Amino acid sequence: TTKKEKEKEKEKHQERSERRNYRRTDNNNNGTRERQQQRERERKKEKMGGTHLSKEAQVRVKGSKKDGGLEMNLSGVDMNKFSNQIMKLKKVEYLDVSKNHVNKVPPAIGDLTRLEELNLAENDIQTLPNQILKLKNLKKLILRDNKIEHLPCPITRWENLEELDISGNPLKELPNDFGRLQNLKILHLNFNGFEVLPSALSGLVRLKELYVEGNELSTLPDYLVNFTALKTLHCGANMLDTLPDLIGDIKSLTYLNCGANRIKELPKAISKLSNLEHLVIEGNQVESLDDVGLDKLWKLKKMNLTRNFLEKLPPGIGFMTSLQDLAVEENKLTVLTPEIGWLHKTLRYLNCHVNQLKRLPGELSYLNCSCRLNFKVNPLVYPFSDWVQAGGSPPPFAEAMRTYLSAHPLYTKIDGPGVKGSSVGQGTQFEILAYDCRGQQRVSGGDVFVAKIVFPPPEEDEEKKEGEEKGKEEEGKVVVADKAAAVGEKRGEKVENVIIKDLGDGTYTCFYNSKTSGKGFLHVNAVVHPIEGSPFPLYVAPGETKPFKTSVKGLEQGKNYPAGIPIVFTIYAQDFNGNPQDRGGDPFQVVVIGGSRPVPDLVDNQDGTYTCRFLPGWGGNYTVNITLLGVLCPCSPINITVDMDQNLAAALGDDHKQLLGAQPPKEQPPPSVDLPSGGGLGYGYLDEPSNAAPAATPSYTPIHRGGAEGSMVGAGMGGGMGAG
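Numbering-wise (our numbering), the sequence shown opens with residue 3 and increments by one.
Careful: at least some of the hints might be erroneous.
Derived CB-CB ranges, DEER-like [claimed, not checked]:
| no. | residue 1 | residue 2 | range |
| --- | --- | --- | --- |
| 1 | K57 | T129 | 26 to 32 Å |
| 2 | I188 | K496 | 36 to 42 Å |
| 3 | P246 | V450 | 33 to 39 Å |
| 4 | G556 | T511 | 45 to 51 Å |
| 5 | D113 | R374 | 49 to 55 Å |
| 6 | Y96 | Q358 | 49 to 55 Å |
| 7 | R374 | K93 | 45 to 51 Å |
| 8 | N228 | S77 | 35 to 41 Å |
| 9 | R585 | L248 | 31 to 37 Å |
The set of hints was computed from the structure by calculation and includes no laboratory data.
No experiment lies behind these values; they were computed from the predicted model shown.
Backbone N, C-alpha and C fix where the C-beta goes; we use that ideal spot for every residue, glycine too.
Based on the sequences and whatever the hints tell you, model everything.
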């Protein structure tokens, strides 16, 4: 019995085990089906994104709700419609739905009235509902890279909008009231296909940043000068051939990017941008920056000149004392100016990759050890090639590089008698003492100096003195004197060259023998930059007075003069080269022959001029001879004719017509005239009082014995000589 019971119990246990295994297998199969169904439901939810969100998006929505629902970031969650869950976030202030596949913005977007920043970039949106204008608190709207052709109107409802990015849209036009967005500070219009910037932008006078890259602009509009708050202007990747001169009137600019255009020459007006800190000219066709005046951009920190046709760096770059980053790769540089080493206090990056450099200036040894240098792909010769291969920044053999140093204009000095001047025809000299940018005297030659003496026109002396203030320190910054002023190229100026001899020990002997006299200025330049103190005022005295260079004014050859009126003329003394004297003392002599043989009165004015006065009392032909040390001056003899007045001829009568135009015989007294008893007849001219207006013509009056009232000068005939 016991054995049978055990067998039955064993069979029952086996049956229970089989049943349990069956139920376990069945449950496993059901679980698999449930999981498959759940995954299918989730895939359907993702496809129905307008009603439901993906799992990632749901996680973000839940996280936003926990944080108060003020910010929502749904960027790149693969949604193609706005979810109702988003529209329920009434407190949201920041909403980012960028980088999705949204093609429509629901009108309910206008219910998110607290929204301040909305990012819809990189979607497929074609239109915006008018309800979006209800977002009156909106400050930042990003619509970049969509398919929007028109903006909603009236756009002025976004009265608080400060930043708008509508780049990368096929916009056909902007609303007429666009310029009334008075609070707009940042505007992006990149890659919109504009050939001309719309005039609707002209009212955005508070704009601080303007981005118009990647369009088809051939010029910039004139109304930009009204943007007095503009600090950033990006106009790269357009079709600009040049920048307009008005660019210099936007004084507030700190960042200017005009790269990837067709610009061949920059305007001089760019030097007026005294607040500019970042300049990008990359990818243009600029060949030279010599006359631009970039050295006046004292606040410039970064300058990108990559991919142009430059053969040398702009002059004055050593005076850009704020420059930190300079990129000139892929140009045609054949020489690197030593001025680059003058920036050792600020320069931290210099890229000259892919150029034609063979040598490097010794001033590079002064650069800060943290400065990153790139001179790869250049045909450098030894020892510069070894340094580049070693990768040193700055050169590991700095001491050896000092032999390649050059003179610095701010430390170079001049000394010698020729600095203050000399005399015409007497050669003189002075010395240039070269110092490097550390203020150490040079011990070798090879520097390039240019010296000239400039004599300004007399009427421009004062203006010249004011203009020569350039080249001195102003507000802690070094100003480079105008190049034309430095070499004397102004109209009317006289320039004398100076011969410079390199002594090979850091000193240079300079010699000049000026042919021009007067006050001038000695200009000494190290290459193109004036040395400290240049130009130096000097004075070149005239040489000895030469008779054959003497000139006369006030007495003309062959001219007729009236009798009885003093003739006054001036003698001008000059040296061998025709320079006027500036002091007196020359023994000029004047002799007048003919007529009444008057004795001339010669006065030395002590300024190189001499005033001569004589009174022709008779009519006739006169000869004036001017001599110096017995040598007749080339202006003389001067032949003149003195005419007697017709009124006097009538008074004298027919018997005395011989007095007109002829000298009476020396051996015979003048013929007598029948006059009333006791009187003689004379003639003369009235000496007008000083306060009386001069007569148009001389007034001759017969003089009887006893004279006439008033002051008269005359010669009496028949009764003697007298003066009334």
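To see whether the hints hold, each was checked on the structure:
Our hint of 26 to 32 Å for K57 and T129 holds, since their Cβ atoms are close to 30 Å apart. Between I188 and K496 the C-beta distance comes to about 56 Å, which lies outside the given range of 36 to 42 Å. For P246 and V450, the hinted distance range of 33 to 39 Å is satisfied, since their beta carbons lie about 36 Å from each other. Separated by about 47 Å at the C-beta atoms, G556 and T511 satisfy the suggested range of 45 to 51 Å.
Take D113 and R374: their Cβ atoms lie about 54 Å apart, and the range 49 to 55 Å holds. Remark: the range hint 49 to 55 Å for Y96 to Q358 is upheld by a beta-carbon distance near 53 Å. Checked against the hint of 45 to 51 Å, the C-beta distance between R374 and K93 comes to roughly 49 Å, which is consistent with it. In this structure the hint that N228 and S77 lie 35 to 41 Å apart at CB holds, the actual value being about 37 Å.
The beta-carbon spacing between R585 and L248, approximately 54 Å, falls outside the hinted interval of 31 to 37 Å.
The structure does not agree with the numbered hints 2, 9 stated previously, though it agrees with the rest.
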